Amino acid sequence: MKMNFKPAFRYQFRSLLRGGAKSIIIILGVLLILLLFMNMSASNSSVTGMFGGTVAIFLFVMGIVCIRGDLRLCLQFGVSRRTSFLSELTAVLAVSALLSVVGEVITGIVQLATANVPNFTVSDLCQLDFFRDTRVLGFGGHMISALFNSALFFSSFICGVFFSLLFWRLNKFWTIVAAISIPFILNGFPILLHSLSIDLSPFMGWLNSSPFNFVLLWLLTAALVGLVDWLLLRRANIKAKT
Amino acid sequence: MSIEITDLTKDYGDALALDSVTLTLGRDKIYGLLGNNGAGKSTLLSILTGRQYPSAGKVTIDGEEITNNDSALGKVYLVAEQNMFPEDMKVSSAFDAAAIFYPGFDRTYAEKLANKFGLSLKKKIKTLSTGYASIFRLILGLSVDVPYLIFDEPVLGLDAQHRDMFYRLLLERYGEKPCTVVISTHLIAEAADLIEHAVILRDGRILRDCPSEELTMNAYTVSGPTELVDRYLEGRHALSSNILGGLKSACVAGERGEKPDGLEFSRVSLQDYFISLMEEEDKK
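So the sequences go chain by chain: A and B. Every letter in the first sequence is one number past the one before it in our numbering, and letter 209, counting from 1, is 209. Every letter in the second sequence is one number past the one before it in our numbering, and letter 269, counting from 1, is 269.
Calculated from the structure, these hints are not laboratory results. Do not take every clue at face value.
Below 25 Å or equal to it, Euclidean Cα-Cα: the simulated DSS-like pairs (lysine-lysine) are [what the hints assert, rightly or not]:
(1) A:K239 with B:K90
(2) A:K172 with A:K239
(3) B:K90 with A:K22
(4) B:K126 with A:K22
(5) B:K90 with A:K6
(6) B:K124 with A:K241
(7) A:K2 with B:K58
(8) A:K241 with B:K122
(9) B:K116 with B:K126
Stretches of chain A that chain B covers, calculated by requiring three or more beta carbons in the stretch to come under 8 Å of a beta carbon on chain B [unchecked claim]:
(10) 7–13
(11) 18–27
(12) 66–73
(13) 81–91
In this text, all values refer to a predicted model and were calculated from it rather than measured experimentally. Cβ coordinates follow ideal geometry from the N, Cα and C atoms, glycine included.
Bound-form chain B, shown alone (with noise of 0.2 Å):
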């Protein structure tokens, strides 16, 4: 049971958005789609949910293509950067369009969460401020019972009392009902910690599809003085560096091996790799 990806293309006139992408996203995991902007992850995520055709390649959800496949389609959710509700529509009449489109809608919780977040029901959807445009999105993600859940830039315009409570509820209904979580965001550090695995894509195409703690055990900081660092890096696959007065410090690919005095060496996060990677692919 999953989200097979394949071979999928997107072009638009000139522009190959995504190129030749295979994935495939397992049942009840934590995906992070990260990648910078224009990287393809809108793009893939609008094809996952039938807004945007293909120019090749085919998607299929648990064994079912998409394709006017509504059993396939009812299957995930989105909660993307933009509205896709009728302006004029309340909170209130948005909860319960979703109670007719998915029997399994916690309208209960929803209001609960409502409440929690400060979001009037009887406020208009134009009405709201980015933050609660967001707020608003996120609580009928959270309350809709599908096997797929997937968060376009989930946290966008949201304070950090309000992301740090997203995070929070997250892990509850993922605890209480597992299901597959796709975030797609820019925050990684912050990020991070829910995400079991991670796919980057740049340039339309995927670097990496492997668990985060793979791509994190497999790369370390290493820093110290700027001479001892060099010497240390020569002969070793430096992803990227960094000089701040005398003292330097390198993200290396590899084992670690064995510390020489005066370096220091540490963990590298999600986002460190990341950036790593992404400059290590500018200079290509």
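So that you can see chain A by itself, here it is in the shape it has in the complex (with noise of 0.2 Å):
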């Protein structure tokens, strides 16, 4: 079966990374507002994990918002739905380096900026977790954080795809159900742990232990979650949006 990927992959990466670039401009300007204040202010100031986390959440929601609207097109334009579904993880991926390594340059100059200010520090997700006593990160730590990150908005972004794809398929009452029972489940699943005694320190301990372990983990995320997208995908009806 002959694919047409690069139309598909040059439209989603295009769609994306304007997304992208929009939401890197509102960071800068929340991170230029903090140092304002961190001028004005005498006490201690600490931003962490604000370029991973907000562009983490900014993925997933571009998951919820573009496959939907990203497959319709693709199939007016002559796109299967395989080969939508496939550039569109492309797309993202590159998308996602993309703007981890944007997000490490940014931290990288902040950091460096800000060596000497002794009540302001900067560090992402990563920083927190294994480089807590650095404060100027270097430059293989910010490669492991940028990959770190790499991997946490490309599973991010898919977890997103999961729910559009989901509520996508469910008539009314399903979705009425499943929208009941995800909260449930999120905040159910640590108590049936505690009542079956499953003890989850020896995994915490492990994922804790090297930042690799963590990539893992969001890269198995997203290959589990990404083949549940196309379970829902291969044979939904795509309409219109009414």
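Make one complex out of these two single chains by using the hints.
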């Protein structure tokens, strides 16, 4: 089966990149405001996980928002759902990597610029967990942090796609059931583990022993949820937005 | 080189939208896909373009199965009733996107048509009126270079002048770049002159699949005083009839034969034939 991958990728990459650029501008604006406030305030200020956390949430929302529209457009322009889905994943992988690198550059610049400011620290998620004692991250640290964020962003997007497709496929009754069930499942899971006397601390210990373990976890999550996404999508009736 | 539809069935639970439809859409012909509401026309077109999956049967385009096959799907462009574009997209951005997906997309021609119809390129698709949303989709359809062009209710919301413009532009496009055109419409009388081959669907089944000339040649309208017409219809297959005052007209299937005194014969139009056929089916 022949694939018309390139045009779908080009369209989706451009669209995601435009969204990503907007989110970076907003983050930079917030950082600037914080820097201004820091100058006015004598108290200690710490900005932690701002880039990674914000972009992960942004890509989760993009996953919810983009998938249906991109599928419709691709089918309108003669590209199958399989190609559209694969090109979407490739595009988000590329955008995740790009945003991570941009994030590290911004974090690195701000860290260097504020290295001598005693009451201000900026760090990202990976640094918070694995390089806590380091105030200004080195090149190797930034590379690991970029990989960490890339996997997190990719996984967030795929999880967003899951919720979008799930609620797309369900009828009204099951949509209500799912909407009510999800918070129960999320809150009930730790209680269930506790009641079954399942100890997660060895797993958490393993996870916190290396940033690569987190990368592996997010990539495995992305693979698993991505598979479910495809199963939800492969036979769906693609209709116009009503 | 054709679109081959074999034993295509689509059900939505208990409702059967298509029932073992077998059809060939050959190259470089204008087809009319006709049928009442709920006949299965839009479902058939959605399956042809990969938007829906059939419950059974298969579709091939130029010998290639369409399932997840971009090479086959890329040969068909469907101008659907509904908008498949992101709502916040501008008309010009949609043209940009079309140029990414179709290297043969004629942007200059698309802009010329937009100007002709008075469609602003700066407008967002969601802000377009029903008529202009149709015009936007028609312009894209007329500007892409594909061998199979499908229109599902193309003139929805268009005024008479714009409808006429569309039909003329479609014929121009067909003359310059011959391709297979499928028009699914309820406005049969307007599109009748364009349709070379008619496919009539009813309740998910194909009732007729033949050149439109053949359909209308094999039927005729007889009119005159009710008594004379009734006498004439004896032993003949009347598809439908109407009485107005003392005059009756009937659509009759078969050869005309000799015209009795006091009666008038006239050629049946595609729309009249369609209505007669549906009325006959209603009686079954």
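Results for each hint:
1. For the given pair, K239 of chain A sits about 20 Å from K90 of chain B by alpha-carbon distance, which is consistent with the 25 Å threshold.
2. For the hint pairing K172 of chain A with K239 of chain A, the CA-to-CA distance comes to about 16 Å; that is within 25 Å, so the pair holds.
3. For the suggested pair K90 of chain B and K22 of chain A, the alpha carbons sit about 19 Å apart, so the restraint of at most 25 Å is met.
4. Taken as a hint, the K126 of chain B and K22 of chain A pair is honoured in the structure, with Cα atoms around 22 Å apart against an allowance of 25 Å.
5. A distance of roughly 22 Å separates the Cα atoms of K90 of chain B and K6 of chain A; the hinted pair therefore holds under the 25 Å criterion.
6. The straight-line distance between the Cα atoms of K124 of chain B and K241 of chain A is roughly 15 Å, inside the 25 Å bound, and the hint therefore holds.
7. Proximity of K2 of chain A to K58 of chain B is assessed by CA-CA distance (about 18 Å); at most 25 Å being required, the pair is judged to hold.
8. The straight-line distance between the Cα atoms of K241 of chain A and K122 of chain B is roughly 22 Å, inside the 25 Å bound, and the hint therefore holds.
9. For a cut-off of 25 Å, the pair hint linking K116 of chain B to K126 of chain B stands: about 21 Å separates their Cα positions.
10. Closer than 8 Å: that is the beta-carbon criterion, and the segment 7–13 of chain A has 4 residues meeting it against chain B, so the requirement of 3 holds.
11. For a cut-off of 8 Å, the count of residues in the segment 18–27 of chain A with a CB near a CB of chain B stands at 0, and the three-residue condition is violated.
12. Taking a C-beta to C-beta cut-off of 8 Å, the segment 66–73 of chain A contributes 3 residues in contact with chain B, enough for the three needed, and the coverage statement holds.
13. A count of 3 residues in the segment 81–91 of chain A with a Cβ less than 8 Å from any Cβ of chain B is obtained; the coverage claim is therefore met, three being the minimum.
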